[in-house]
Amino acid sequence: MVTTETRRADSFRAVRPPRAPERLGPAARRRRQSVIAWLFALPFVLIFGFFMLVPLFSSFVMSFTDFTSKDVRNPLGVGFVGLDQFAELFGNEQFVRSLLNTGYFVIVGIPLTMAVGLALAVALNNGITRFRSAFRVGFYTPVVTSIVAVAVVWRFILQPDGLLNLILGWVGIAGPDWLNSTEWSMPAMIMMAVWRNMGTLMIIFLAGLQNVPVDVLEAAQVDGANAWQRFVRITLPILRPTLLLGAVLLSVGFLQFFEEPFVMTKGGPLDSTLSVSYFTFNQFGYGKYGLASAASYVLFVVIALLSLIQFRALRSKD
Amino acid sequence: MTDTKTAPLRDRPTTRPFTTPRPRRYSAWKRQGWVYAALVLAGAATVLPFVWMLLGSFKTQGELLRRPVTWWPQDPTLDNYVRWFTELHIDLFFMNSLIVAVVTVLGNLLFCSMVGYALAKMDFAGKRVLFLLVMVTLMVPGVVTFVPLFVMVSKLGLVNTYPALILPFLVSPLGVFLMRQFMMGIPDSLIEAARIDGAGELRTFTGIVMPLCGPPLATLGILTFLGSWNNFLWPLVAAQSEEKYTLPVALSLYSTGQNATDYGLLLAGAVLVIAPIVALFIALQRFFIQGVAATGIK
Numbered sequence: 001m002v003t004t005e006t007r008r009a010d011s012f013r014a015v016r017p018p019r020a021p022e023r024l025g026p027a028a029r030r031r032r033q034s035v036i037a038w039l040f041a042l043p044f045v046l047i048f049g050f051f052m053l054v055p056l057f058s059s060f061v062m063s064f065t066d067f068t069s070k071d072v073r074n075p076l077g078v079g080f081v082g083l084d085q086f087a088e089l090f091g092n093e094q095f096v097r098s099l100l101n102t103g104y105f106v107i108v109g110i111p112l113t114m115a116v117g118l119a120l121a122v123a124l125n126n127g128i129t130r131f132r133s134a135f136r137v138g139f140y141t142p143v144v145t146s147i148v149a150v151a152v153v154w155r156f157i158l159q160p161d162g163l164l165n166l167i168l169g170w171v172g173i174a175g176p177d178w179l180n181s182t183e184w185s186m187p188a189m190i191m192m193a194v195w196r197n198m199g200t201l202m203i204i205f206l207a208g209l210q211n212v213p214v215d216v217l218e219a220a221q222v223d224g225a226n227a228w229q230r231f232v233r234i235t236l237p238i239l240r241p242t243l244l245l246g247a248v249l250l251s252v253g254f255l256q257f258f259e260e261p262f263v264m265t266k267g268g269p270l271d272s273t274l275s276v277s278y279f280t281f282n283q284f285g286y287g288k289y290g291l292a293s294a295a296s297y298v299l300f301v302v303i304a305l306l307s308l309i310q311f312r313a314l315r316s317k318d
Numbered sequence: 319m320t321d322t323k324t325a326p327l328r329d330r331p332t333t334r335p336f337t338t339p340r341p342r343r344y345s346a347w348k349r350q351g352w353v354y355a356a357l358v359l360a361g362a363a364t365v366l367p368f369v370w371m372l373l374g375s376f377k378t379q380g381e382l383l384r385r386p387v388t389w390w391p392q393d394p395t396l397d398n399y400v401r402w403f404t405e406l407h408i409d410l411f412f413m414n415s416l417i418v419a420v421v422t423v424l425g426n427l428l429f430c431s432m433v434g435y436a437l438a439k440m441d442f443a444g445k446r447v448l449f450l451l452v453m454v455t456l457m458v459p460g461v462v463t464f465v466p467l468f469v470m471v472s473k474l475g476l477v478n479t480y481p482a483l484i485l486p487f488l489v490s491p492l493g494v495f496l497m498r499q500f501m502m503g504i505p506d507s508l509i510e511a512a513r514i515d516g517a518g519e520l521r522t523f524t525g526i527v528m529p530l531c532g533p534p535l536a537t538l539g540i541l542t543f544l545g546s547w548n549n550f551l552w553p554l555v556a557a558q559s560e561e562k563y564t565l566p567v568a569l570s571l572y573s574t575g576q577n578a579t580d581y582g583l584l585l586a587g588a589v590l591v592i593a594p595i596v597a598l599f600i601a602l603q604r605f606f607i608q609g610v611a612a613t614g615i616k
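First to last, the sequence lines map onto chains A and B.
Here the working numbering is used: position 196 in the first sequence is 196, and no number is missing along the way.
Here the working numbering is used: position 163 in the second sequence is 481, and no number is missing along the way.
Don't take each hint at face value.
Claimed, not checked - With a straight-line Cα cutoff of 27 Å, these simulated DSSO-like cross-link-like pairs (lysine-lysine) come out:
(1) 266/A with 445/B
(2) 562/B with 473/B
(3) 445/B with 70/A
(4) 473/B with 70/A
Because the hints were derived from the structure by calculation, they are not lab data.
Computed from a predicted structure; not experimentally measured.
Produce the entire structure from the sequences given, and follow the hints as far as they go.
So this is what it looks like as structure tokens:
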């Protein structure tokens, strides 16, 4: 490959008058291209290195120190405390609570969002023939909105005598005081998360459904398989990598949930909606930077593991 | 009858959605009818919070507290919006959000394409390491980096400045990945031809490669704008006084501070934050949806 390219270039050069700066040996030419390539990469490398890699590494180091807001003036003077911050974390009831809350949010929220997203995708793809794009726009709109803004709106809707309980009242259900109940505050947040994120999965699943071969579905129908059997036996297995991808992508987002409790409940009542991100933010607010870093790294490890799963799934697809 | 049934098949033979062939016309219609009904109901439920927000933003505080709840504003008022502009300087927050978003988008478009080009079309020492770093950091959440980032920004004396709001997001691994993936698909022969014609790498990049990159640039631009407009945690930490608040920061602080129960005002604020991005989405929906599919699938 490389040799034919250079030979072609050489033959051209034989026709044209050779220019002095291009008369370089192959090694020198490669070195020259390396320099040019790194010049192209330079702005990215500088910004990315300084604002991403350095903080990522610093956060790791800080989680083994007793860094507080007082150490900002002299960051190198902090003391290393080994695993003390992590020991304090897992001994801290609030942190354990925030871990459980985050787990609750992800484990209940992800399957629900996936089910709704899949139902919408299948309905749009197979169930109807007209108005597809209008429905797609409608279901996707919540995705583009600011979580802070929709959290404000939902806080209003979730008031004890708000819109949701009004509608529930029509069918004879007396809705709870969603956001002031330790039992219902989390389901309320999950409900909002499903509403906001189902559009993302709908789009991803719609793209995946294009891979389901139509002739196979038709053959199955000729053989007498009903719609449900076709869905379970043909569509779902083909969709599996897409489902996994959607699940991981969304989990990474769900694991970081922060704006919803920040705006809607301040983490309450009684820490029932305190997430790991929110805990980290609070420790940062108290000036306990070391502890905050340790908490965020716990979250990061979980997210990294999930990304690894996705990476493998992607690779096995190729 | 047969014509209408086969026409769509001929138009889109490969990607045509699988719809059950209809042995009997009426039963098929009925089946689709149920799906339409369910979708309309689901669609209404999806849009309802936005409708409720919009209606509420035109109601007076008295009407919002009145029971039973009113649907249509009884005496519609623009007071809630007026207060945002006269008392609460929303124009300032809007400009902050816009400046941060636009600069972030421009930085991403330029810098991510440059690295993307190097990674896709050049051979150089360290290429594999660079690409690996990009892939590994694709999913690093902001909550992991914001504490040391704040310390660094403090040391640089940049707290509460535009650079503090912009610089950490000026480039993104996702952008590099998107641009590289697309540029890999540009034929080598095109770039060879330019090089042979004596174009330097910079000329090749600006004259040949970039004009072909419309689709991924649109995707990247939209995703970056969206991310920046809705970004919350870092602006909350980095903007410490009103004159540098972005829209979500301002709205969140008002909604949890002294205005926490002033729902007319808060709903109007939510409208002002959401409306520009929804308008943009509806105008450019094709690119938005392509963007999601691109990041999700490829």
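Q | Satisfaction of hint between residue 473/B and residue 562/B, Cα-Cα up to 27 Å | A | This hinted pair holds, its Cα atoms lying about 19 Å apart.
Q.
So if I understand the rule, the pair passes when the alpha-carbon distance is 27 Å or less; does residue 473/B with residue 70/A pass?
A. holds, 13 Å
(Q) Between the alpha carbons of residue 266/A and residue 445/B, is the straight-line distance 27 Å or under? (A) violated, 45 Å
Q) Is the Cα-Cα distance between residue 445/B and residue 70/A 27 Å or less? A) violated, 40 Å
Checked against the numbered hints listed earlier, the structure breaks hints 1 and 3; every other hint is satisfied.
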